[in-house]
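Undergrad: Numbering (the working numbering), first residue to last: 233 to 483.
Read the hints as simulated data drawn from the structure, not as lab findings. Remember, it's a predicted structure, so these values are computed and weren't measured experimentally.
Pairwise CB distance ranges, derived in the manner of DEER restraints:
# : residue 1 : residue 2 : range
1 : PRO322    : ALA399    : 32 to 38 Å
2 : GLY428    : GLY334    : 38 to 44 Å
3 : GLU263    : GLN478    : 29 to 35 Å
Note that beta-carbon positions come from the ideal geometry of N, C-alpha and C, so glycine has one too.
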Amino acid sequence: MSTFSRNSLFGAGFLLFAAIAASPVAAQRFEAETVTLPNGLQIVTVPNHRVAAITQMVWYKTGAADDPRGKSGIAHFLEHLMFKGTHATPPGAFSAQIAQNGGRDNAFTTEDYTVFHETVAKDRLDLVMGLEADRMTGLVLDDSVVLPERDVILEERRMRIDNDPSALLTEQLMAGLFLNASYHNPTIGWEHEMRGLGTADALAFYRDWYAPNNAVLIVAGDVEPAEVRTLAEHHFGPLAARPVPQRLRLD
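Generate the whole structure from the sequences, applying the supplied hints.
TA: If you want it as structure tokens, here you go:
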């Protein structure tokens, strides 16, 4: 190929790329529908039929900023312990069932929220919704599962914070900025307080904050709002609302 031809082809390709890049692309919007069950559970459905799959998320309106004084890290610790089983789902079986059905699951904790999420084929929505409803009020904990998991979060702190100078700097900066506020403590907790966390602390936090009236169920994907509501009424509807503490935040 001649130099002229190569240059001409390059120039044409560049112009085509520039034209595509400059073309306005309409943002795709997905309409969400929100309903609330009688027990206070908020349900948000976001239909998106591109793929025969769904993502389910349960957002609890509690996080590290709700940790009781002297118990920093308990919200994040409980996130870990939520996978330790119920009477119906033994320890480890939650994630195992989802994996066996071709899905994946995870969770995360922030200062203000704790979130559990699963992505599965659309015909497995009934399965994952049942699993989440079961552990919303049916968590079973004792020292045999709590104390080993405490070692896990201590190691997580060493790996993510103590061995990372930038993370240590950020931690101290936030502690100084929010000296007398609920955002003072790191999400993972201070090590000396984490070492004192136990089964009673985890269960107390769970009973205070984990309730249908303190949660938002979000389902997005190849599903319709009516189907989500029917399944939610079946799985979450029987769960009773409970009084939830007032959240302390900056004005």
